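Protein chains: 4
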Amino acid sequence: MAKKLNIGIIGYGFMGRTHSNAYCKAPHFFDLPYEPVLKLACGLEEDKAKAFAERWGYQSYTTDWHKVIEDDKIDVVDICVPNNLHAEIALAAAKAGKAICCEKPLALNTTQAQKMVEAVEKAGVPNLVSFNYRRVPAVTLAKQLIDEGRLGKIFHYRANFLQDWTISSQVPQGGMATWRLDVKAAGSGVTGDLLAHCIDTAMWHNGPITSVCAMTETFIKERRHAETGKLEPVGIDDACTFFCHFDNGSLGNFESTRYARGHKALYTFEINGEHASIAWDLHDLHRLSYFDHRDDSIVRGWRSVHVTDGDMPYMDKWWVPGLQIGYEHTFVHQVADFLENMAAGKPTSPTFREALATQSVCDAVLTSANNKKWETVKY
Amino acid sequence: MAKKLNIGIIGYGFMGRTHSNAYCKAPHFFDLPYEPVLKLACGLEEDKAKAFAERWGYQSYTTDWHKVIEDDKIDVVDICVPNNLHAEIALAAAKAGKAICCEKPLALNTTQAQKMVEAVEKAGVPNLVSFNYRRVPAVTLAKQLIDEGRLGKIFHYRANFLQDWTISSQVPQGGMATWRLDVKAAGSGVTGDLLAHCIDTAMWHNGPITSVCAMTETFIKERRHAETGKLEPVGIDDACTFFCHFDNGSLGNFESTRYARGHKALYTFEINGEHASIAWDLHDLHRLSYFDHRDDSIVRGWRSVHVTDGDMPYMDKWWVPGLQIGYEHTFVHQVADFLENMAAGKPTSPTFREALATQSVCDAVLTSANNKKWETVKY
Amino acid sequence: MAKKLNIGIIGYGFMGRTHSNAYCKAPHFFDLPYEPVLKLACGLEEDKAKAFAERWGYQSYTTDWHKVIEDDKIDVVDICVPNNLHAEIALAAAKAGKAICCEKPLALNTTQAQKMVEAVEKAGVPNLVSFNYRRVPAVTLAKQLIDEGRLGKIFHYRANFLQDWTISSQVPQGGMATWRLDVKAAGSGVTGDLLAHCIDTAMWHNGPITSVCAMTETFIKERRHAETGKLEPVGIDDACTFFCHFDNGSLGNFESTRYARGHKALYTFEINGEHASIAWDLHDLHRLSYFDHRDDSIVRGWRSVHVTDGDMPYMDKWWVPGLQIGYEHTFVHQVADFLENMAAGKPTSPTFREALATQSVCDAVLTSANNKKWETVKY
Amino acid sequence: MAKKLNIGIIGYGFMGRTHSNAYCKAPHFFDLPYEPVLKLACGLEEDKAKAFAERWGYQSYTTDWHKVIEDDKIDVVDICVPNNLHAEIALAAAKAGKAICCEKPLALNTTQAQKMVEAVEKAGVPNLVSFNYRRVPAVTLAKQLIDEGRLGKIFHYRANFLQDWTISSQVPQGGMATWRLDVKAAGSGVTGDLLAHCIDTAMWHNGPITSVCAMTETFIKERRHAETGKLEPVGIDDACTFFCHFDNGSLGNFESTRYARGHKALYTFEINGEHASIAWDLHDLHRLSYFDHRDDSIVRGWRSVHVTDGDMPYMDKWWVPGLQIGYEHTFVHQVADFLENMAAGKPTSPTFREALATQSVCDAVLTSANNKKWETVKY
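Residue numbers (this note's numbering), protein chains in the order written: chain A, 1 to 379; chain B, 1 to 379; chain C, 1 to 379; chain D, 1 to 379.
If you are wondering where the hints come from, they were derived from the structure by calculation, not from laboratory data.
None of the values given here were measured: they were computed from a predicted structure.
Hints may contain errors.
In silico SDA-like pairs for lysine to any residue, Cα to Cα no more than 20 Å straight-line [what the hints assert, rightly or not]:
{"hint": "1", "chain 1": "A", "residue 1": "Lys221", "chain 2": "D", "residue 2": "His245"}
{"hint": "2", "chain 1": "A", "residue 1": "Lys50", "chain 2": "B", "residue 2": "Asp31"}
{"hint": "3", "chain 1": "C", "residue 1": "Lys50", "chain 2": "D", "residue 2": "Lys317"}
{"hint": "4", "chain 1": "A", "residue 1": "Lys4", "chain 2": "B", "residue 2": "Ala51"}
{"hint": "5", "chain 1": "D", "residue 1": "Lys317", "chain 2": "C", "residue 2": "Ala51"}
{"hint": "6", "chain 1": "B", "residue 1": "Lys264", "chain 2": "C", "residue 2": "His293"}
{"hint": "7", "chain 1": "D", "residue 1": "Lys264", "chain 2": "A", "residue 2": "Ser169"}
{"hint": "8", "chain 1": "B", "residue 1": "Lys153", "chain 2": "C", "residue 2": "Thr218"}
{"hint": "9", "chain 1": "B", "residue 1": "Lys317", "chain 2": "A", "residue 2": "Ser304"}
{"hint": "10", "chain 1": "C", "residue 1": "Lys317", "chain 2": "D", "residue 2": "Lys317"}
{"hint": "11", "chain 1": "B", "residue 1": "Lys372", "chain 2": "C", "residue 2": "Asn370"}
{"hint": "12", "chain 1": "A", "residue 1": "Lys153", "chain 2": "D", "residue 2": "Glu217"}
{"hint": "13", "chain 1": "B", "residue 1": "Lys264", "chain 2": "A", "residue 2": "Lys264"}
{"hint": "14", "chain 1": "C", "residue 1": "Lys48", "chain 2": "D", "residue 2": "Glu217"}
{"hint": "15", "chain 1": "D", "residue 1": "Lys317", "chain 2": "C", "residue 2": "Met176"}
{"hint": "16", "chain 1": "C", "residue 1": "Lys373", "chain 2": "B", "residue 2": "Thr367"}
{"hint": "17", "chain 1": "A", "residue 1": "Lys3", "chain 2": "B", "residue 2": "Trp56"}
{"hint": "18", "chain 1": "A", "residue 1": "Lys372", "chain 2": "D", "residue 2": "Thr376"}
{"hint": "19", "chain 1": "D", "residue 1": "Lys153", "chain 2": "A", "residue 2": "Val299"}
{"hint": "20", "chain 1": "D", "residue 1": "Lys48", "chain 2": "C", "residue 2": "Trp318"}
{"hint": "21", "chain 1": "D", "residue 1": "Lys50", "chain 2": "C", "residue 2": "Asn370"}
{"hint": "22", "chain 1": "C", "residue 1": "Lys153", "chain 2": "A", "residue 2": "Val299"}
{"hint": "23", "chain 1": "A", "residue 1": "Lys372", "chain 2": "D", "residue 2": "Ser211"}
{"hint": "24", "chain 1": "A", "residue 1": "Lys264", "chain 2": "D", "residue 2": "His245"}
{"hint": "25", "chain 1": "B", "residue 1": "Lys221", "chain 2": "C", "residue 2": "Glu274"}
{"hint": "26", "chain 1": "A", "residue 1": "Lys372", "chain 2": "D", "residue 2": "Asn370"}
{"hint": "27", "chain 1": "B", "residue 1": "Lys264", "chain 2": "A", "residue 2": "Trp56"}
{"hint": "28", "chain 1": "D", "residue 1": "Lys143", "chain 2": "B", "residue 2": "Ser297"}
{"hint": "29", "chain 1": "D", "residue 1": "Lys50", "chain 2": "D", "residue 2": "Gly13"}
{"hint": "30", "chain 1": "D", "residue 1": "Lys264", "chain 2": "A", "residue 2": "His275"}
{"hint": "31", "chain 1": "D", "residue 1": "Lys317", "chain 2": "B", "residue 2": "Thr367"}
{"hint": "32", "chain 1": "A", "residue 1": "Lys221", "chain 2": "D", "residue 2": "Glu217"}
{"hint": "33", "chain 1": "A", "residue 1": "Lys221", "chain 2": "D", "residue 2": "Gly13"}
{"hint": "34", "chain 1": "C", "residue 1": "Lys317", "chain 2": "D", "residue 2": "Cys24"}
{"hint": "35", "chain 1": "A", "residue 1": "Lys264", "chain 2": "B", "residue 2": "Ser304"}
{"hint": "36", "chain 1": "B", "residue 1": "Lys372", "chain 2": "C", "residue 2": "Met15"}
{"hint": "37", "chain 1": "D", "residue 1": "Lys317", "chain 2": "C", "residue 2": "Glu35"}
{"hint": "38", "chain 1": "A", "residue 1": "Lys372", "chain 2": "D", "residue 2": "Lys378"}
Input sequences plus hints: build the corresponding full structure.
Listed below in structure tokens is the structure:
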């Protein structure tokens, strides 16, 4: 029987659910070196924390996150709270020698992120940032195809993350459901929330981004606060576009907005190489588009690969060819990889250090947009 | 706290996994009147039964299915074994007063199915046949749109279930992995395995099928048996096409094959009504295609509806708009509906009686193909 | 300078336009052995015939088709009138030694068609039936791929031709615009008008159809006549579905209807072979879908081939890769092939004899539907 | 009978063909106020000019473009030569009082373009620049939908023009086939050749662009000259990305490259408004994607509109619903509009003046890329 690994989760919102589901499901599908035990759940409101713990089978609950850190039985601290709380909790958890899984983006800014990296590296604790889209099988397959050299020299990397849920001026900022619109809780708007995913995947696929040039926009200048009802200036970026240079000589073009009518969560990327190209789209996450110029010319075209076969990343663990998995499975894969690497004494990507690089690009993007000029990324 | 409901599962294969996963997940996402308890797992080989029970958290295991029936603590018997064992187990379970969830198709033929219906109705036990595709949110949404009258009078119902995994003559018949090719275990080929799904959904959407005319084919006439290695005649239908009349005056066209290169599990349907049409495809199960002739003519076209919003069937229980669920969730929905109806004393569709109607159509299809003439469906 | 070839066209309707356009365009894009000269246009109403001749540059016009036959200067008689007039005109044209291009279907029935074949073969005149969809570059490419053996043994051939323009009971029958709904003018409904195209392409791709089993339906039983305004019984088939055996052992499934809401002219086919599959769709006629099982498994998927490159059939004559051609170009290709073959003394496919085979299948389909039983095709 | 309008064309390359075809076809499909007469064709090499004139039916040919200008019978001068020759010819044609149709981009730069505008306005001659993609029916329909206010306030305009034909370093620069890679003939690379189209359409759809920020790249630094064989520095931009502000407050994101493997001529745009969004793609030019947030939420999705019906722009002139037209038809529409407006004494959009605005944006884009900073567009 696998050794038990006690999980303490902080945050019972959307991410609290995705992470809890992952701890529950992973042992049913993966042969894990540890058995995750849902030990302690923490959240601000007692009623909700209790209900959350009961639903997911946490053995107890608390409303004080320090209790999670102080609990000797907890092996892993899982941070699922708004961005402005990541740093403080992670620093404490590192000090207490806990393994840490932290939601993205790592921090409000590079300065915070830098401290968090130092803390986990000094403490020598396993650490992971939950950029979950890397672990969509099609996205992992894209990485594999690039690493195999199938694309050849890469010329272009393009990514978009388009949503439409904040177009109405009646959507408030702040509070439980809309803290992502409150710059104090979120640090930034689409840049940290959405582009951070694109940047993480892009640098994993295509190497470091060296310089950026960005434009941001805030279409709705004032919104009511969800808790106070008071109309307040909006501090986040509603939309952000940037282009950039990668270290390998390729060009990047990134865009995110929450004002793209018709797109719920359309994260797409496309990579153009000398020999082949790849494209992907979160709205059909189980497919990968692939074009190979080396095919016979009369039957050459974009292939729509249904990523559900046993020889594709992670898919030997699920069902049979043709039967798709979904969004939640990315977190299951993350847990499986994290536990396996932990047992082997190996880091799990993206580590805090890797997420710091993403944070550095985000900060350079925001600086560039503010200064209206090119910005070199400082790592 | 919800009352506990003890589950005894028979069969640890592919369906054993999907059902077990559903019992584990349902309480995390649905507010259920019962708490399912994985009590007893049963399968032929002891090692595998033990490992299966451990992985999924069943409290014990057995290699004798009679033990499941005889166990007083078991509330629900879940039948996940090959088709030729459904009848005997279900009859015993009904007699023992157990609620029954049975994998599809209900039986080897109408005669068996008729007895099973009589048994569960006489015993008055909750009963359900696992035609899971009804509970893909997009498929349930199609039912809702039809019931709302959006399509108007229906002219055509078309369904295909195309696979390509048996094209090689080296694929054996019989045994654990390939019993679906052995007529003794499966009863029929694509008709019972795949078309049964299409027929179940079609009659749910569009009412009874009254008469059918079918063609079947067995492309590979002999296959090695997986266990004995002996070359034996193939008794199943590799491919089956039929057209039919529905009671409402519409025409049906159905086809299934396991020789359609390029299709892993492409279950599609399309319904053409006077005002609107609907189409769906299992390879992108989270989308529904909808065409409404009442749209302004210059912007009229097929709409690709991304079925991930909270106002769509089942989707308020999952994530946020744009984030898709997958194949396994159909079984979670089935468990949730079954338990909720059970608590309310209501039947859950498709019941054994409804599955008998599907069986009757399947039998008429096979008879028609054998006799090479039209066949009236006998209900 | 190429020798002049004098064209006499009979019929100024939809097909009159497509053929005239083809004669005008072909010399601009193809190097032809003849220069087509638009000599004489014929149609029932003088005003319209005159206007038609002026628009397209015919040197003169007439309202009596015998004048076209009797005119010694006419080399090619092009028949673009309703189906019930094909036979009489073609017989006269053959007798007069004219080359003949006849719209499809060849005749009202096999008996007529047989006589027409005998006439053109006895007269030794070049003859062609305008099953134009063969000459969509993607459809021609499909033929090439099959002939190269890329698909291997073929298991399934599926074709649909779906429209929705007759759903309203207010659409009349008969007259200039709606003669296709009048059984006296058209001979049959969707079978001769639409399925004839599918059958022609299918037998070109996949060889002879040997036996068929069909179902037809007439949803609207009475329609007003366009000219008399009188309500009359509808004699055509509104919908027709049939399955069949091909001589090569593969199975066919064909369907056509004018009651498929959302489809304007959706002619699709899909061919499943041992190694590869092909699919095509008239609504995107410049693309061919191709799946090859021999591709590396992790990047295997349906390819969408944009059939616009110079190494694809006919496409060296048009623009540059990526720039699509459309419907009308099929007729240009037909004219180019017809003239080239004529100069070389070779037949152009489909000849009257080939179209007779298609007619035989159509008749067998209609007989099968009437008799509700399988029908062997008599060639 | 319509008054004759004598056309003199300069340039027998790709564009010479598209324009000649348009003059031939337009009268067959449109009721024109003038009958275009192919009077005189001009090109550098005598053999080719002669063959071109014969193929298209020009009454004579010349190798000296001044002859076209000097010929009193010529009414319209059609300029289809490389960009570096546009200005000189257009200035001469304006001075001679000819109507002018000029290929895009209007000139090598804004300075030239400004002079050309002054010349045609001073001369008072009809003038048109051949940004043909405006007249794809789906693109024209997009303009209509925007003008009807269906999108509401516009937030984003995105356009890409992706090709892959210059990836090989063996592709030469200069000469007849590859002058687009020679900065002396073309003025710029993808900016003037491809982005100019995107900019023209964008400003037509969405109003003036006020400021831009751009990045360009030349991936292959040296190429052999097609005529001399000498290796020379490449002066064009291989790729160009820019973002911008529109005068109406919306944001733009544009990208073009000839290094996007898998894309032959993928011109796409997407417009996101408050209520609705539109997307289009040159590879399927007969479709328009449309999303309307005001649709019932459970059947809301992107609609694929097959732009082939008679109530859609230009489509009443062609075939029947479902039958697509192609690339070449954009030029036919252009000729039809040009002649109709000429007869009515009205300008045809885009005029030289409108094309000057596009040139100004192109110049600002190139300046911004060179200076690596934002650039205000000077009109």
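Hint-by-hint comparison with the structure:
| no. | hint | result |
| --- | --- | --- |
| 1 | Lys221/A / His245/D | holds, 17 Å |
| 2 | Lys50/A / Asp31/B | holds, 15 Å |
| 3 | Lys50/C / Lys317/D | holds, 19 Å |
| 4 | Lys4/A / Ala51/B | holds, 18 Å |
| 5 | Lys317/D / Ala51/C | holds, 15 Å |
| 6 | Lys264/B / His293/C | holds, 12 Å |
| 7 | Lys264/D / Ser169/A | violated, 41 Å |
| 8 | Lys153/B / Thr218/C | holds, 15 Å |
| 9 | Lys317/B / Ser304/A | violated, 30 Å |
| 10 | Lys317/C / Lys317/D | violated, 24 Å |
| 11 | Lys372/B / Asn370/C | holds, 16 Å |
| 12 | Lys153/A / Glu217/D | holds, 15 Å |
| 13 | Lys264/B / Lys264/A | violated, 28 Å |
| 14 | Lys48/C / Glu217/D | violated, 59 Å |
| 15 | Lys317/D / Met176/C | holds, 18 Å |
| 16 | Lys373/C / Thr367/B | holds, 14 Å |
| 17 | Lys3/A / Trp56/B | holds, 17 Å |
| 18 | Lys372/A / Thr376/D | holds, 13 Å |
| 19 | Lys153/D / Val299/A | violated, 43 Å |
| 20 | Lys48/D / Trp318/C | holds, 18 Å |
| 21 | Lys50/D / Asn370/C | violated, 62 Å |
| 22 | Lys153/C / Val299/A | holds, 19 Å |
| 23 | Lys372/A / Ser211/D | holds, 12 Å |
| 24 | Lys264/A / His245/D | violated, 24 Å |
| 25 | Lys221/B / Glu274/C | holds, 16 Å |
| 26 | Lys372/A / Asn370/D | holds, 16 Å |
| 27 | Lys264/B / Trp56/A | violated, 35 Å |
| 28 | Lys143/D / Ser297/B | holds, 16 Å |
| 29 | Lys50/D / Gly13/D | holds, 13 Å |
| 30 | Lys264/D / His275/A | holds, 14 Å |
| 31 | Lys317/D / Thr367/B | violated, 53 Å |
| 32 | Lys221/A / Glu217/D | violated, 36 Å |
| 33 | Lys221/A / Gly13/D | violated, 53 Å |
| 34 | Lys317/C / Cys24/D | holds, 17 Å |
| 35 | Lys264/A / Ser304/B | holds, 13 Å |
| 36 | Lys372/B / Met15/C | violated, 40 Å |
| 37 | Lys317/D / Glu35/C | violated, 27 Å |
| 38 | Lys372/A / Lys378/D | holds, 19 Å |
In this structure, the earlier hints numbered 7, 9, 10, 13, 14, 19, 21, 24, 27, 31, 32, 33, 36 and 37 are contradicted, and the remaining ones agree with it.
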